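Based on these hints, arrange chains B and C on the given structure of chain A.
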Amino acid sequence: MSLLLQGLALGVLTGGLYALLASGLSLYFGVMRVVMVAHPAFLFLGAYLTYTVHTVFGLDPFLALPVTVPLFFVLGVAVQRLLIARLAPENLAMMSVLLTFGIALTIEGLLGTFYTGSYKSVSMEYATRSLTVAGVHLPYDKIIAFWVAAITLVVLFAVLVKSRFGQSLRATIQHREAARLVGIHTERVAGYGFGVGLATAAVGGTVLALITPFFPASHWVWIGKLMAIIVVGGLGSVIGAALAAVLLGVVEGLVLVTVDATWATMMFYVFLFLALLVRPQGFFGGRLAHRF
Amino acid sequence: MRIASRGLPLLVAALAIAYPFLVPNFYLVYAGALTVMYAAMATSWNLLGGFTGYVSLGHSAFFGLGAYGTGLLVVRAGVPWVVALLASALLVTVFAVVVGIAAVRVRGASFVIVSIALVSMMNLVVQGWRSLTGGSTGLQVPSPFPDLHRGQTHMVFFYLFLALLALALASWWYVSRSRFGAGLRAIREDEDKAESLGVPTAAYKVTAFALSALFVALAGGLYAVWFGSLDPIFVFSILIGSYMVLMSLLGGVRHLFGPLLGALIVAPAGEYFLIALGETQIHLTATGLVLVLVVLFMPDGILARLTRRRAGPSIPDETAEQRLQGVAQ
Amino acid sequence: MARVLKGLAVISICALGLTACAKTDEPGGAQTPGRQTGPVKIGISLPLTGDFSEPGKGIQEGYQVWADQVNAKGGLLGRKVELIFRDDASDPNRVSSDYESLITQDKVNLVFGPFSSRLVIPAAKVAESYNMVFVEPAGAAKEVFEQGFKRLFYAAPAIASDHYNYLADYILKLPADQKPKTAAYASLDDPFAQGTAYGLRDKLAAAGIKTVVDEVYPPETTDFAPIAAKIAAAKPDIVVGGTQFEDSVGLVRALQELKVQPKLAAFSTGPTLAEFPAAVKGAVEHIISPVGWSATATFTGNQEMVKRYKEMFGGEANEDAANGYTVGQIVEAAVTAVKCVDPTKECQDKLADHIRQGTFDTVVGPLSFDDQGRPEQAHMIQQYVDGKVQIVLPESAKTADIVYPKKEW
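Residue numbers (numbering that gives the first Met the number 0), protein chains in the order written: chain A, 0 to 291; chain B, 0 to 328; chain C, 0 to 408.
Do not take every clue at face value.
Said to hold, decoys possible - Computed footprint of chain A on chain B; a stretch qualifies when at least three of its residues, placed anywhere within it, have a C-beta under 8 Å from a C-beta of chain A: (1) 51 to 58; (2) 104 to 111; (3) 120 to 126; (4) 241 to 250.
Treat the hints as calculated values from the structure; they're not laboratory data.
Just so it is clear, the structure is predicted and the values come from calculations on it, not from any experiment.
Each residue gets a CB set at the ideal place from its N, CA and C atoms; glycine is no exception.
If we strip away everything but chain A, and leave its shape as in the complex, we get (with noise of 0.2 Å):
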């Protein structure tokens, strides 16, 4: 019973921390219909730069913050501009796909020769502690990850539902047409949408480095758990996905106390194929997600 409750409480916490590494993944589906591959590998470019900024500068890993979530966004804005707006709208969802794999491939790549296939850690002294409440214990860091990933998700929710660009963003989500035909710049907003996405991938990252050890071609495992939460919490819908994140985590704990790793990881695919067919349009609302 309490290894049932250990599972259930590590689960809430990784769910939360799936939440905010799959928040970004909704966003650009959102604003542009296109599924980027590349996250994870954004994901763990912030980490390496979480990694230098803590080894060479000697910083406590959070203030990477400050440089990288800036310059993330700058990264989005120019990816949606450069890229992916030059794209032909008719088959935007595949080509956006193989074009964002591609820039996967790349980032791999660069991180590879910069810092080598090595393994890179960040060890902070809270890593290793853990609070223990009813015999349940909670690892700090993960704690930390937890929290980090609420605070994130809570200023992404107030951004968007607060915000004159938020407004414009849902604006642009539900009906890009109608937001243009009432003057919203659509164009422009969606680049700032797929910038907040990234920005959102380097606070992921600097959580990830604080959490495992990550190697330039880590971002593979990612790619399938973090596909599979959007479409279960319905393509398109942040608060969706962070629902399905925190749902899946919390299974994914419970099959790794009773049966084991690889039933785990197998029941974010079958929750895949379960969405896909009972409610194609995914769990939680996401009602634009059924016909893309």
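Chains B and C in isolation, oriented as in the chain A frame:
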């Protein structure tokens, strides 16, 4: 002009047949066989991708299943390799029908995600099912021609892959002229309209999906008996799947010979990048940049660029209405 | 059409004409006398990129140190050694095509092995079918030696399942009140990593030490906390990880977080790498690991290698580099003894026969091989004592006493 367009494929075919005798060493025969294998797989990928526009990044799932199916039938059941190859390809096709029914319910991005997931799933299953597949230890398949020298085996398989390529090309050509092909093209242009005009889109898509899986599975089966060592993380690799896409796209998905041309460029180029830039990982960057450039500047492929005229059978540019008339006739 | 037919005819005649002479230059074919005086070319395919790239790098450096020293001594049979590296990108297709091209196109005199059990078998198949001797530094899984290879030799003291032998002996000889009663095993799904953990598991289980957790995780696992939770729930006396690097760090951290305090913690591979102590910080104390090589050992050439490595690459030599170097030493001894270094069947047969029968002085100690190419010696056991790597088993090689039970992490 006519002679050029008719004669060129024949000349290339003749060169291909003579190739193993023209090259100075067995490595080049081996590399040639791999290239022809990729060409056959890219062409069969194009049975789905070219006609319907559905991009599958996960065709290596069928490659791996074909390979493991054949290998397991040979090793565990003692079936002769030819029988094993055909039986396993058939089983994979049935599997593809089942998967296809679920997969083609979704379009565009979701479909790509499903195809990626399929590869990861198959990798987990085969790696996890240790008692049957040998798991991470791999599966060692005995050579079907134990008496042949290694180089001679390469030559045999070069021709087997060449035959498979011919079969895949013939199928594509046949489909492109059939009503079925017209229906698939209509799906590519406007799926909803095609459906409303009575094209059985779901059945057509599943058929194309399965047909395309069949040839890839055959390639996988041949690979298993030729190569002799199977390892789940290598046969169920997204990279293999993405090579099929890159080759088709580079050559031109609307052309019969597009994927073949793409394979003839990508496979040797990959080799070159690896040897020239092999000391660092920058060769991955080179591959990635090539992909980005092709997608951005040549999404219709080389054949569409080079010739506005039809170089061999291809999918002409026409509106969905024209195409649907073709279906209705 | 006529032109095409004519072209076809020309091509087929060319083809027929060429068939006779095209591929006589395979190994074992005609010898050009000029080659006897050129450099000795050694072909090697290594995973310089991809999943196994880091250990691939270490082995490459080991090979380079060896070549450097051989050339400083005047080369092999008076000929300079030239290493030709290819990147296999951790892909078996590439491994095969690399060796295929090295042997038939570059016409190398010798081949050295690649890295990882997963890549050794396809590579050895190529070498074997071209009759090349194949001494390899990394294929330790027992399956490698069950393929019927006749020219494959593993250049390290023992195969994977024997890595923990000294530790197993030590544990089983403990007095009854100290002897552990339960053990937890977690292993990466990989033939080498599993081989090490299961070798120990089978010996301990046979002696009545109960296996309370036996977990296998796929290579893509990044989150080890739930696995550690399972281990925590079982409260084992000892924890054994069949690991490589990433997962050994992940497991150690997760076990700490879940407050698992075993009396003994052993992990393969990870703790032998220089990055390990930095990655797990203070938890490194008293972690045990099997190791085939020690920087302080005085075996033939070891100190020279350590020194030269530092001069060439700056850092400290590691086990992978030592394994690469060992391959070079064995082949060098064989070539010197049989006095030939050609890719012909005749010469390669002589080399293989010599290696199978002899005992070789190497940086990992004297090595000899059985008929399947398995080495017949044993791995040592290392432990972090006061933050430094010490050899604790066997008695004859130890630099410090084994600490058991370990201090809490």
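Each hint tested on the structure:
Check result for the segment 51 to 58 of chain B against chain A: holds, 4 residues qualifying (beta carbon to beta carbon below 8 Å, three or more required). With 7 residues carrying a beta carbon less than 8 Å from a beta carbon of chain A, the segment 104 to 111 of chain B meets the three-residue requirement, and the given coverage holds. Proximity of the segment 120 to 126 of chain B to chain A, defined as three or more residues with a beta carbon under 8 Å from a beta carbon of that chain, is established by the 4 residues found. Residues of the segment 241 to 250 of chain B with a Cβ under 8 Å from some Cβ of chain A number 4, which satisfies the need for three, so the listed coverage holds.
Figure legend: structure checked against the earlier numbered hints; every hint is met.
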